[in-house]
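**Q** In case you want the letters, here they are:
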Amino acid sequence: MTTGATASLSSAVRTSAASTAGNAQRVDPSFLPTVEALSHENIRRCYYCLKCTAGCPTAYAMDYGPAHVLKLVQLGQKDKVLQSKAIWMCVGCETCWTRCPNGIAAGHVMDALKQMALREGYAPAERRVLVLHRQFLTSIRLFGRVHELSMLALYKLLSGDLFTDLDLGARMFLRGKIPILPERIKGMSKIQQLFAKRPRGQE
Amino acid sequence: MKYSYYPGCTLHSTAIEYGWSTEAVCEALGIDLVEIEDWNCCGASSAHSLDPHLALALPTRDLMRAQAVGADIVMPCAACYGRMAAADHKMRSDSAWRKEMEAEFQTEYIGAARPRTLVDVLGNDLSPEALAAKVKRPLNGLRTVSYYGCLLIRPPDLTNRWDDPEHPVVMDRILKALGAEPVQWAHAVECCGASLALDRADVVTVLSGRIVQGANDAEADCIVCACPLCQANLDSRQKGISPKVPVLYITELMGIALDLPGRSKWFAKHLVDPRPMLRRKGLE
Chain A
0 MTTGATASLS SAVRTSAAST AGNAQRVDPS FLPTVEALSH ENIRRCYYCL
50 KCTAGCPTAY AMDYGPAHVL KLVQLGQKDK VLQSKAIWMC VGCETCWTRC
100 PNGIAAGHVM DALKQMALRE GYAPAERRVL VLHRQFLTSI RLFGRVHELS
150 MLALYKLLSG DLFTDLDLGA RMFLRGKIPI LPERIKGMSK IQQLFAKRPR
200 GQE
Chain B
0 MKYSYYPGCT LHSTAIEYGW STEAVCEALG IDLVEIEDWN CCGASSAHSL
50 DPHLALALPT RDLMRAQAVG ADIVMPCAAC YGRMAAADHK MRSDSAWRKE
100 MEAEFQTEYI GAARPRTLVD VLGNDLSPEA LAAKVKRPLN GLRTVSYYGC
150 LLIRPPDLTN RWDDPEHPVV MDRILKALGA EPVQWAHAVE CCGASLALDR
200 ADVVTVLSGR IVQGANDAEA DCIVCACPLC QANLDSRQKG ISPKVPVLYI
250 TELMGIALDL PGRSKWFAKH LVDPRPMLRR KGLE
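Those protein sequence lines, which keep their order, are chains A and B.
Numbering that gives the first Met the number 0 puts the first residue of the first sequence at 0, with every later residue one more than the last.
Numbering that gives the first Met the number 0 puts the first residue of the second sequence at 0, with every later residue one more than the last.
In case anyone wonders, no lab produced these hints; they're calculated from the structure.
SDA-like mimics (lysine to any residue), calculated; alpha carbons at most 20 Å apart, straight line:
1) A:K189 - B:A67
2) B:K264 - B:A27
3) B:K264 - A:A169
Since the structure is predicted, the reported quantities are computational estimates derived from the model, not experimental observations.
Required output: the full structure, derived from the provided sequences and hints.
**A** This is the structure in structure tokens:
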């Protein structure tokens, strides 16, 4: 789609938003092309058949289903999308990509949106999901492999979710499924170099 | 048959019984697994959620190291497989990225080895007849439901369709060769809730609960899976479901059928103990 087409789409949205009193949303015409570039997905091919939403296992716990998120991106509704629960509730199961008649991997769009939300300082609507992902990556940065015990301890402390599933953790521990000591790989300097190359806002 | 072997983090921890049974079964079947030296974590869901560079560079280090073995790379974990397949696809399809990674790791990417998941190797490289010929204790009368979940078979763009993404059949074929009775059910490719295991356990309880209930509706004796996170979610979120359903790795059932030693140690790791059911079936 050309820039002209994007502009005319944005103006159509502005008109429709203006006609809905009290529901006007800021339209960002650069949002769609930016998200397409970051996700490597052709979002404007979505014609809203809703197969992705129908098959999405976590759609019931989202504020907008995956198809709705793609539509909001098409319409430049940046704030709504980056503040949504939906982007954090996607588990990357790839059902949407498998079934999309236009070959859009909506999960890759969700990932690009998470990263954009963090970079631009939007508070994550599902904070604990972010805390867990960060602790998982911390474990890799420290050891090269995941060490569940320290990762879970840090997650508990930083998420404030101290008491949920302590019984489950204890049962796993007693069965010897949560090793006390981490496995640290020899090639840590390369792992640390890879982490050091991360763009700002993702650390 | 020789393969390069990537166990992944969970096969040394929460899924240690999957690691033990994988190694025992492969040895018994003459499948030579050569572990990738000093492998690192693939990054799993967390890397691709937060960092597109790490999400590909972490598994690429493993792909590069696997080249020393010179054979297809086998990974039992579905999530590791998904990340390795994504990294391999990127290396094959984006020459600028491949050059960047070759410079990063000071290694040329030949691409002769393909990331494969263990069920693909056990079900497609090994004929059902060859497997059946090794069975010492057929799993007669054991009603199973095969559970694939997500990344073992999705997205088909990355899996090379080693099995059908909507109606997979390879696990059933293996189970039939072992003498079991795989039954139809509606949840083979549903998601267990995956990485929301801890931060949104309520969601996992709903999704995994439906799958376990589906196994009961099909009157299955156990769920058969091939992913550590699927197993952990299905095994741990059965509160309020009756009867509770054991969730076994496919390699554990192969271990019974091949009559491999030491398997009671595997079953002791489960939260829903499979031993009473196996005893009832004369298969402990």
